[in-house]
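Asks: What follows is each chain in one-letter form.
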Amino acid sequence: MIENDFLEIAGRKIHSRLFVGTGKYASIQQMKGAFEASGAEVVTVAVRRINISDRSRESLLDAIDPKKFILLPNTAGCYNAEDAIRYARLAREAGLSDWIKLEVIGDEKTLYPDNEALLEATRVLVKEGFVVLPYTNDDPVTARKLEDLGAAAVMPLGAPIGSGLGIQNPNNIRIIKEMARVPVIVDAGVGTASDAAVAMELGCDAVLMNTGIAGAQDPVRMAEAMGLAVKAGRLAYLAGRIPKKSYATASSPTEGMLAK
Amino acid sequence: MQVTINGETTSVPDSVSIAELVGILDLKKERVAVELNRGIVSRKEWEEVLLKSGDKVEIVHFVGGG
Chain A
0 MIENDFLEIA GRKIHSRLFV GTGKYASIQQ MKGAFEASGA EVVTVAVRRI NISDRSRESL
60 LDAIDPKKFI LLPNTAGCYN AEDAIRYARL AREAGLSDWI KLEVIGDEKT LYPDNEALLE
120 ATRVLVKEGF VVLPYTNDDP VTARKLEDLG AAAVMPLGAP IGSGLGIQNP NNIRIIKEMA
180 RVPVIVDAGV GTASDAAVAM ELGCDAVLMN TGIAGAQDPV RMAEAMGLAV KAGRLAYLAG
240 RIPKKSYATA SSPTEGMLAK
Chain B
0 MQVTINGETT SVPDSVSIAE LVGILDLKKE RVAVELNRGI VSRKEWEEVL LKSGDKVEIV
60 HFVGGG
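Protein chains in written order, with numbering that gives the first Met the number 0: chain A, 0 to 259; chain B, 0 to 65.
Careful: at least some of the hints might be erroneous.
[Claimed, not checked] Covered by chain B, per the in silico footprint, the following chain A stretches (three or more residues, Cβ under 8 angstroms): (1) 19-30; (2) 58-68; (3) 71-82; (4) 227-236.
The hints are simulated quantities; they were obtained by calculation from the structure and are not laboratory data. The beta carbon of each residue, even a glycine, is placed where N, CA and C say it ideally should be.
All chains should be modelled from the sequences, with the hints used to inform the complete structure.
Replies: In structure tokens form, the structure reads like this:
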């Protein structure tokens, strides 16, 4: 936490700029350990059918205290606006919260968003009172359109979901941030701590990740690293970096050198 | 009577309400959402909405995801 520095979405103050997913952990215990180490306040969840015949598995919400975390349900796995809207409505009913991480996927291999369907679903859900946080590609024009439709934030991908490639188009992310009047949250593609720091140094308001932590050899340690990286990147952004130059500038005085 | 719950054909008592069904299935009612024939049934309607033979019910909850 950085003093007096917080992100505000739909009137909620969020102090941790690291949002984390709840998928792919080896155990609930490991996930809880990772959350604690990361310091995250916002956690994403997916909406799926209950397995009626096998009820043995622990419920996710037994492990996540809704008083401690802001639940952000997603519409992952939806390939058209109609399905995404259906999942969002179910999520609202199950979670009693209006927040939705809106995903409308356009391609199975890349999991890139379908812009047209994403815009359509955003339009409908904003009208229904949802706080819509759309997962979008790193295109400033789409980000602007989502914002104009009433999205509460825009969440451009850094790289394909689960790829760990880091921020592939930092210049676009910077432009999206410069143009946006709503928070910009880099969502997807973070592989290691420096990737998260890069996103924050570009000025983004937060970073959302799942596989980068859950898929690491030691997820709890990686969660801590990500928390530190997000904080370091944020501090560096606030501090204002030096301009890049092609040649050296000495750090030590050139006066007072010994006689030759 | 037979209804379809989450894609599985299931026998339930005649005219069972959603609230009763959630009880029979031993679900935590504050953590699930129910859809009947593609329309959401909000929690406050669970007592009065009764199932008919052949109805399609979806019951969802939150699972891990990113």
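Asks: Could you run down the list of hints and mark each one as holding or not?
Replies: We went through each hint and held it up to the structure:
no. : hint    : verdict
1   : 19-30   : holds (count 6)
2   : 58-68   : holds (count 3)
3   : 71-82   : holds (count 3)
4   : 227-236 : violated (count 0)
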